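Asks: Here's the letter readout for the chains.
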Amino acid sequence: MAETAQAAPARPPSAFRWLRANLFNTPLSSALTLLVLYVLIKVVPPLVDWAIVNASFTAPNEQACAARGGACWAFIAEWYRFILFGRYPHDEQWRPAITVLLLIVSLVASCDRRLWGRPLALLWAAGVIAVIVLMGGGVLGLPWVDTDQWNGLPLALILAVGGLALAFPLAVALALGRQSYMLGIRAFSVAYIEFFRGLPFIIVLFMAAVLFPLFLPPGVSIAKLWRVEVAFILFLAAYLAEAVRGGLQAIPRGQYEAAAALGLGYWRQMRLVILPQALRIAIPPLVGTFIGGFKDTALVIIVGLFDLLQDVAVGTNDPSWRGAYIEGYAFVAAIYFVFCYAMSRYSRSLEARR
Amino acid sequence: MRSLKWFGFAVTAVLGLVWGDSARAGPTLDGVKSRGVVTCAVNTGLAGFGMPDQQGDYKGLDADTCRAIAAAVLGDAKKVKFIPTTTQQRFTVLQSGEADVLTRNTTWTVLRDTEQGFNFAPVTYYDGQGFMVAKKAGIKSAKELDGATICVQPGTTTELNLADYFRTNRMTFKPLVVEKLAELENAFFSGRCDAYTTDRSGLAATRAGKASNADDYVILPEVISKEPLAPAVRHGDDEWFDIVKWTIYAMIGAEEKGITSGSVDEALKSEDPDVKRMLGVTPGIGKALHLDEKWAYNVIKQVGNYGEVFERNVGSRTPLKLERGLNGLWNQGGLMYAMPFR
Amino acid sequence: MSVPSRPLGRSAWWNDERSRELLFQALIVAAVIAILAYLGHNATVNLRRQGIGFGFGFLGHEAGFEISPALIPYTPADSYAYAMLVGLLNTLLVAAIGIVFATVLGLVVGLLRLSGNWLVARLALGYVELIRNTPLVLQLFVWWKLLQISAPGPRAAWQVLPGVFVSNRGVALPVPEYDPGFRWVLAALVVGMLASIALARWARWRQERTGQPFPVLATALALIVLPPAIVFVALGAPFRLDMPQLVGFNFKGGVTVTPEFAALVVGLVVYTAAFIGEIVRGGIQAVSRGQSEAALALGLKRRHVLRLVVLPQAVRTMIPPLTSEYLNLTKNSTLAVAIGFAEFFSVANTILNQTGQAIEAMTLIAAVYLSLSLGLSLLMNVYNRRVALVER
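From first to last, the protein sequence lines are chains H, R and W.
All residue numbers for the first sequence refer to the numbering used here, where the first residue is 1 and numbers rise by one.
All residue numbers for the second sequence refer to the numbering used here, where the first residue is 355 and numbers rise by one.
All residue numbers for the third sequence refer to the numbering used here, where the first residue is 697 and numbers rise by one.
Simulated from the structure, these hints should not be mistaken for lab results.
Don't take every hint at face value.
In silico contact screen, one side only, chain W against chain R (beta carbon under 7 Å); selected entries [what the hints assert, rightly or not]: (1) Phe-750; (2) Glu-762; (3) Pro-772; (4) Ser-775; (5) Asn-864; (6) Gln-941; (7) Gly-944.
List of simulated lysine to aspartate or glutamate pairs, EDC-like, C-alpha gap at most 20 Å [to be verified]: (8) Lys-432/R / Asp-146/H; (9) Lys-387/R / Asp-146/H; (10) Lys-432/R / Asp-148/H; (11) Lys-435/R / Asp-146/H; (12) Lys-948/W / Asp-384/R.
Only a predicted model underlies this, so the values are computations on that prediction, with no experimental measurement involved.
Note that beta-carbon positions come from the ideal geometry of N, C-alpha and C, so glycine has one too.
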């Protein structure tokens, strides 16, 4: 008669046992825990003091905050509208606010699998038109606002989301082109992808801002916002193409062969069989590229567009609020963090589901 | 091979279509009239020259020059659009056509006038380069700056003059080169650099606008270069160049004749033939410039003469407290000299 | 009667797949050439109208501006091309230091993320999430401001160690002065390193033959350290430090690490290490648990399991994404233009503005960065091929 080994009966969970297992399980681990606790005790209370206890939430200027010795959140309270919307006319700022909501809704809706396909494409197209009409105005009784004044958060979202939306078809074309057996197409796709992946994004932005106008016919000028948008599109397309290519390579050859055996032409094969599978696999790197693209919108400060960081710089240039740049940076960092973290959680949830 | 022949035909056909197109001239004046605004590239924030106020409106000598051009061309000094530019962006913004004129305390040099493709209108501010240091450093002369760290903006004549001056005087220095003016000023006031160098008017503007206590900083006596600050336009558009040029001369000429924004209405009734020609009472000059005959009247009425613009932005009642000096009228010891309106 | 059959053979040319492909490719190429020609034409017209010439001759002109820091001797009388070289060396320095430290920090972060200690793992997670989800340019500004405002002026500099001064101009460090005898010390060092490599090879050969281990690490250390030390002492210990001294405004002598350089390097290292940490974690987790279980069953200690079994396999999968991160670090060094460090792009940008030759300058800039990217990818591909699994 064989005796089977049995696991020890589970002991009821207790705080002490959890601490022992997780924080003090080996001597090295215990030492680390003590070290970390020591550092935390040294750092966290002064930080809390600065950020909350001594902080001023309302104050007339930075000197008043400095008198209390804490963070100057009053700067944010006074300037938040300028940081978020920049030089957009004060009375019309409901328009960029709605634009931001619209773009967020579009992004969130794109995450829902049930909408993938035609309804999503229509939603995006309608969204793009709605954004341009809302922000620019000139029709439907809305006063016209020059693209120079589309600043701050709406600018970042328009650049990133618009760039993603328009780069995506180009990226799919490039990825398909890179796997094509036709030498001309393949050479062009490879050259394009390697060119834009090899260049730093700032260089591409500079080319858009500085060189692009030289290549336009004399007398024709395109607003800087649209030139920078083109830079985003061209740049994102190269990275998205690599992500899609990864998805395409993960499809077994059998799928291609079966689709061809069914008598589907090349484009039908791609549209009905290959791309749906490939894109689903490619979503994590696609989302990663989008997160990178959204963070890169902060770089437009270097070509003279007024994004969130530039708005903070203008705010801290005001003599009353000169020293409040840390609070401004924290505010902007929080905004970027919220967006990027949400997107990366979404991507990770997709990975886990598979 | 057949395919290669096809290929060759296609390329040749397309190239032929493209190269057959001839150059079209793009007059700036037409563009300005169709857009309805004069677009000027100005400083991101230099007190007295180009500085946005709380409402985002740009104030300063350069901003007023831009408004004068708008008044001359469009009849309304408010029809302006300002593009704030750093030193590294200003030339490409003008070259690319984004801006119609560069009014951004820019020095007139031969290379900019020729190689870089710009034409410079009359000088609106004669200046020179200097150094500013903190008073507690105890420095009395620029010759004591050997080994110092000096804040300077890139892409400027300032940068080049600085290197030349130290080379000539056999001194060395470490540059701190930051493109954004606000960051550079912060670096100087936080003590990161020992000295800040730019045009002396810029030094005064920075001290007036940014220093917590202006008396803690002293501008050293040495003037190490000539910095004539003038508006710039692109090569290849004589019509627009003439308009900008004569707008400046109108402002100077009005001061020569003693006409201010308050007295210009009365000057319309003047018997002086020069004044009558300038203000359009005797027609001819407006037509020659392809502008309305009241172009100069609009400039003076809506913006003022040169003296008024100077006093309003950088004069003795402003925090900058700059003297007229070289910028006074020619018959009062300065260099401001309007060409004849005839 | 049978249906009259069409002669077998090729169908009309527009149905033939091959000629359709060729036509399609020809159209694409023609379209690309047409677009480029159109753009080129516009550019020529625009440049000619403004009287701006085209050509690379300006590279020989005098630069006229000062660059600091410069790794090679540079004066404003040198040419634009030489100035660009100085900037390029600065970029390479930042990239090299950044890659080394980012890898080290990334490895540490990755291992901490996998730690059994809950507190440490959570903190590492917090660090990674915070750094990865905020823009790099924002982080660079924060580091630059912190480094600028935290230290006093040079007259009141903190003296951390004899010869090491910390001020808001940067950290001044002493540097050994060059002495001719150093050549012999260097030669001894090289000989020692070669000898230790040979020793390691021999020890592995002997272990495979006889199974006896050899204390390679200790012997190699001795080989590397002792001969140079002996040569050094034999030559009379010629060691003089070039100490930084406060002369006038700044520290003369030694080497000064400026706040801009430090901010750029620290910012890049911290940012890239967060991404590398995730790559390391993914790589280690990709090695199947069976490997570490088998290694433990064989009696290896835990730290040997990591070093001898898990990491070598993990490195194989990590190399392509690691290459990508190294490239990103090199490309992100261009953000120095925001904080005033004179790397290649800043210098080239200044030249662009001083000369007005926008197209030529941007072409050069693009060519340089493309070459850097290509060079780095090639290097990493060589390494990748060496550690790749050789299947039967």
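Asks: Lys-435/R and Asp-146/H were given as a pair; does the straight-line alpha-carbon distance stay at or below 20 Å?
Replies: The given pair, whose Cα atoms are some 10 Å apart, holds under the 20 Å limit.
Asks: Does Asp-384/R sit within 20 Å of Lys-948/W, going by the straight-line distance between their CA atoms?
Replies: violated (59 Å)
Asks: Would the stated hint for Phe-750/W survive a check requiring a Cβ distance to chain R of less than 7 Å?
Replies: violated (11 Å)
Asks: Would you mind confirming whether the straight-line C-alpha gap from Lys-387/R to Asp-146/H stays at or under 20 Å?
Replies: Holds. Lys-387/R to Asp-146/H sits at ~17 Å (cutoff 20 Å).
Asks: Taking the least C-beta to C-beta distance, is Gly-944/W closer than 7 Å to chain R?
Replies: Cβ of Gly-944/W sits 5 Å from chain R, so the hint holds.
Asks: At a threshold of 7 Å, is the proposed contact between Glu-762/W and chain R supported by beta-carbon distances?
Replies: holds (5 Å)
Asks: Is Lys-432/R close enough to Asp-148/H, meaning Cα to Cα at most 20 Å?
Replies: OK: Lys-432/R and Asp-148/H at ~17 Å, within 20 Å.
Asks: Should the hint that Gln-941/W touches chain R count as held when the rule is a Cβ pair under 7 Å?
Replies: violated (11 Å)
Asks: Under 7 Å is the threshold here; is the Cβ of Pro-772/W close enough to any Cβ of chain R for the hint to stand?
Replies: This interface hint holds because 4 Å falls under the 7 Å limit.
Asks: Does the CB of Ser-775/W sit less than 7 Å away from some CB of chain R?
Replies: violated (14 Å)
Asks: Straight-line Cα separation of Lys-432/R and Asp-146/H no greater than 20 Å?
Replies: Roughly 16 Å between the alpha carbons, so the hint for Lys-432/R and Asp-146/H holds.
Asks: Would you settle whether the hint for Asn-864/W is holds or violated, based on the nearest Cβ-Cβ distance to chain R being less than 7 Å?
Replies: Asn-864/W check passes; min Cβ-Cβ to chain R is 5 Å, inside 7 Å.
The structure does not agree with the numbered hints 1, 4, 6, 12 stated previously, though it agrees with the rest.
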